[in-house]
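Produce the entire structure from the sequences given, and follow the hints as far as they go.
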Amino acid sequence: MARRARLLTTAIACCAALTLGAACGGGDDTGAGPTASGPTGAPVQGGTAQVLQIREPSSMDPVTMTNAWQISGFVGNALYGTLMVNDEKTDELSYTMAESFDTTDKGATFTLKLRPGLLFSDGTPLDAEAVKVNWDRHRDPANASPYLSEASLVAATEVVDATTLTVRMKAPTPSFPRAMLTTSMNWIASPAALAKGRDSFDRNPVGAGPYTLRSWTRQDRIELTRNTRYHDAPRPYLDAITVRTSNDASQRYNTLVSGGADVVIETNADSLDRAADAGYTTDVTPLNGGLFLAMNMRRAPFDDLRARQAIAAAIDMDTLNLAVYNGAGKTVDTLFSDSSPLYVDEPLRRTDKATAQRLFDELAAEGKPVEFTFTAYTTSEMKDTAENIQAQLSAYKNVKVDIRVVDFPEATKMGMAGDFDMLVWSSSFVDPDPRVWTAFRSDSRGNFPGVDDPQLDEALATGRTATDTATRKAAYETFQQRLTALVPGVFTVRANPGLMAAKDVGGVTQYGLGSLLPDQLWIRK
Numbered sequence: 001m002a003r004r005a006r007l008l009t010t011a012i013a014c015c016a017a018l019t020l021g022a023a024c025g026g027g028d029d030t031g032a033g034p035t036a037s038g039p040t041g042a043p044v045q046g047g048t049a050q051v052l053q054i055r056e057p058s059s060m061d062p063v064t065m066t067n068a069w070q071i072s073g074f075v076g077n078a079l080y081g082t083l084m085v086n087d088e089k090t091d092e093l094s095y096t097m098a099e100s101f102d103t104t105d106k107g108a109t110f111t112l113k114l115r116p117g118l119l120f121s122d123g124t125p126l127d128a129e130a131v132k133v134n135w136d137r138h139r140d141p142a143n144a145s146p147y148l149s150e151a152s153l154v155a156a157t158e159v160v161d162a163t164t165l166t167v168r169m170k171a172p173t174p175s176f177p178r179a180m181l182t183t184s185m186n187w188i189a190s191p192a193a194l195a196k197g198r199d200s201f202d203r204n205p206v207g208a209g210p211y212t213l214r215s216w217t218r219q220d221r222i223e224l225t226r227n228t229r230y231h232d233a234p235r236p237y238l239d240a241i242t243v244r245t246s247n248d249a250s251q252r253y254n255t256l257v258s259g260g261a262d263v264v265i266e267t268n269a270d271s272l273d274r275a276a277d278a279g280y281t282t283d284v285t286p287l288n289g290g291l292f293l294a295m296n297m298r299r300a301p302f303d304d305l306r307a308r309q310a311i312a313a314a315i316d317m318d319t320l321n322l323a324v325y326n327g328a329g330k331t332v333d334t335l336f337s338d339s340s341p342l343y344v345d346e347p348l349r350r351t352d353k354a355t356a357q358r359l360f361d362e363l364a365a366e367g368k369p370v371e372f373t374f375t376a377y378t379t380s381e382m383k384d385t386a387e388n389i390q391a392q393l394s395a396y397k398n399v400k401v402d403i404r405v406v407d408f409p410e411a412t413k414m415g416m417a418g419d420f421d422m423l424v425w426s427s428s429f430v431d432p433d434p435r436v437w438t439a440f441r442s443d444s445r446g447n448f449p450g451v452d453d454p455q456l457d458e459a460l461a462t463g464r465t466a467t468d469t470a471t472r473k474a475a476y477e478t479f480q481q482r483l484t485a486l487v488p489g490v491f492t493v494r495a496n497p498g499l500m501a502a503k504d505v506g507g508v509t510q511y512g513l514g515s516l517l518p519d520q521l522w523i524r525k
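Here the sequence shown stands for residues 1 to 525, numbered as in our numbering.
Hints listed in this document are in silico derivations from the structure and should not be mistaken for laboratory results. Careful, some of the hints might be misleading.
What the hints assert, rightly or not - Cross-link-like lysine-lysine pairs, in silico, DSSO-like; alpha carbons within 27 Å at most: (1) Lys503 with Lys473; (2) Lys170 with Lys106; (3) Lys132 with Lys113; (4) Lys170 with Lys473; (5) Lys330 with Lys353; (6) Lys368 with Lys397; (7) Lys368 with Lys400; (8) Lys503 with Lys330; (9) Lys196 with Lys132; (10) Lys89 with Lys503; (11) Lys170 with Lys113; (12) Lys413 with Lys383; (13) Lys413 with Lys353; (14) Lys89 with Lys113; (15) Lys368 with Lys353; (16) Lys397 with Lys383; (17) Lys89 with Lys473; (18) Lys368 with Lys330; (19) Lys353 with Lys397; (20) Lys400 with Lys413; (21) Lys89 with Lys330; (22) Lys383 with Lys400; (23) Lys473 with Lys330; (24) Lys503 with Lys525; (25) Lys132 with Lys106.
What follows is the structure, given as structure tokens:
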């Protein structure tokens, strides 16, 4: 049981760090590909790019990696390429190493067709059997994939021939192809190389992506070199890429400005705004949902709905945004942004200081003053968030906030164990399924607030299986109404999957959750 708990902790922690999602519909679109940013004109061949990322991967094994901007999306795309991608602006899907991923029975089964002749960098074939091996590894809880929730939607996979894989779902899931492309299931590694063990694979990962690993000095740099067997010539355009890591937003921005980086993968809204104002190329993938202050409904003080309502009414989100993000963050007023087909113009909360004080006083009169500990992570933004919430609530009577700072893995363990009062968690997505299911479904291990509501569960189930937008919109409207009524947390700001690039860098292209495509990049000489 202890080992299983550790594995589930790892998987859920990675999911939270990501802000994952999928988009509506089946897998039958054949768009031309994502939209690129940067200088126009014909791509230039050659050169080396210096790329700065936010967090270094712990391993090069796709089953451990996370396909999102702030963790290992760029490196994963470099080593393994993609089966398919979507346009971050239009959500139109296009195929890369896959030719199609279709369903004819409303998402009960899917057929994945691969391009013929795909080769791993060692010259062995990337075929349907290789995809099956990789996807089945994600389905195995022992591997602690951060995408276990997506992979577990699959009941079985079957190889039909070298380029065809049949996928049978546990229940109809029409949105599965787009859910898959936002995960590391989109990256296929050589089964033969994986069989040699994690240490061997980390030294010599074998994929079919645009680049291969030349060297990896942990906590320093990742050196990538052009894969001459890449399927999409003349890409990649660059000869080599050096990837370094910095978790400090100011340092990342200053490195770009000083010329020490060509591309910076970024999440800080203020840095992105400053870079855009200075004339650098910037790009941000729009997401729904966002970060939220999870309140533990299983124990005092937040087992009382009035305490949760009081906190939600007391916090001024503009004040928080200014203190933490210099006013550049996008506050979450509604669960979906107004560009989403699932958007409903119903606010999740409103600031009402008089109501907040009345509820605090009412609880105190009953001998239940609202006293709690805010568990913050070690990042500057999370500590600033905790301190600002503490400062705002200090203006009210009968409420007291202490702050405890722990690292992210420890906070995740506390969340899974229900051993917290308040902490920052995430439910960010393109499409709500399966992210909101993971964060709020009553039987989900990722349901840190402890929501237990049959109406909410039913709405999530309908939203998952429905094939038309109207039915899904109605289901998620009910879900949002239940969130508003139950107040399991207070949404703060949207996640910000972004990047900044020097003015001579072209082909800046993201898909999914801000996952940057290395094969598109080029540098104007």
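Checked hints:
1. The suggested pairing of Lys503 with Lys473 is violated, with an alpha-carbon distance near 41 Å, which exceeds 27 Å.
2. For the hint pairing Lys170 with Lys106, the CA-to-CA distance comes to about 13 Å; that is within 27 Å, so the pair holds.
3. For the given pair, Lys132 sits about 12 Å from Lys113 by alpha-carbon distance, which is consistent with the 27 Å threshold.
4. Proximity of Lys170 to Lys473 is assessed by CA-CA distance (about 23 Å); at most 27 Å being required, the pair is judged to hold.
5. Straight-line distance between C-alpha atoms of Lys330 and Lys353 comes to about 22 Å, which keeps the hinted pair within the 27 Å bound.
6. Restraint check for Lys368 and Lys397: the C-alpha separation of about 13 Å stays at or below 27 Å, so the hint holds.
7. Between the alpha carbons of Lys368 and Lys400 the distance comes to roughly 12 Å, so the proposed pair stays at or under 27 Å and holds.
8. Between the alpha carbons of Lys503 and Lys330 the distance comes to roughly 26 Å, so the proposed pair stays at or under 27 Å and holds.
9. Distance hint between Lys196 and Lys132 is fulfilled; the C-alpha atoms sit about 18 Å from each other, no more than 27 Å.
10. With a C-alpha separation of about 21 Å, the suggested pairing of Lys89 with Lys503 holds against the 27 Å cut-off.
11. Proximity of Lys170 to Lys113 is assessed by CA-CA distance (about 21 Å); at most 27 Å being required, the pair is judged to hold.
12. Of the pairs offered as hints, the one joining Lys413 and Lys383 holds, with about 19 Å between alpha carbons and a cut-off of 27 Å not exceeded.
13. Restraint check for Lys413 and Lys353: not satisfied, since their Cα atoms lie roughly 33 Å apart, outside the 27 Å limit.
14. As the CA atoms of Lys89 and Lys113 are separated by approximately 26 Å, the hinted pair is consistent with the 27 Å bound.
15. At roughly 19 Å between alpha-carbon atoms, Lys368 and Lys353 fall within 27 Å of each other, so this suggested pair holds.
16. About 23 Å separates the Cα atoms of Lys397 and Lys383, which keeps this hinted pair within 27 Å; it holds.
17. With a C-alpha separation of about 20 Å, the suggested pair Lys89 and Lys473 falls inside the 27 Å cut-off, and the hint holds.
18. Using a Cα cut-off of 27 Å, the hinted pair Lys368 and Lys330 is violated, with the two alpha carbons roughly 34 Å apart.
19. Taken as a hint, the Lys353 and Lys397 pair is honoured in the structure, with Cα atoms around 11 Å apart against an allowance of 27 Å.
20. Taken as a hint, the Lys400 and Lys413 pair is honoured in the structure, with Cα atoms around 24 Å apart against an allowance of 27 Å.
21. For the hint pairing Lys89 with Lys330, the CA-to-CA distance comes to about 17 Å; that is within 27 Å, so the pair holds.
22. Between Lys383 and Lys400 the CA atoms are separated by roughly 17 Å; this keeps the pair inside 27 Å, and the hint holds.
23. A C-alpha spacing of about 23 Å is found between Lys473 and Lys330, which places the hinted pair at or below 27 Å, so the restraint holds.
24. Restraint check: the Cα-Cα separation between Lys503 and Lys525 comes to about 11 Å, which is no more than 27 Å; the hinted pair holds.
25. Only pairs whose Cα atoms come within 27 Å are accepted, and Lys132 paired with Lys106 is accepted, the gap being roughly 22 Å.
The structure shown violates the earlier hints numbered 1, 13, 18.
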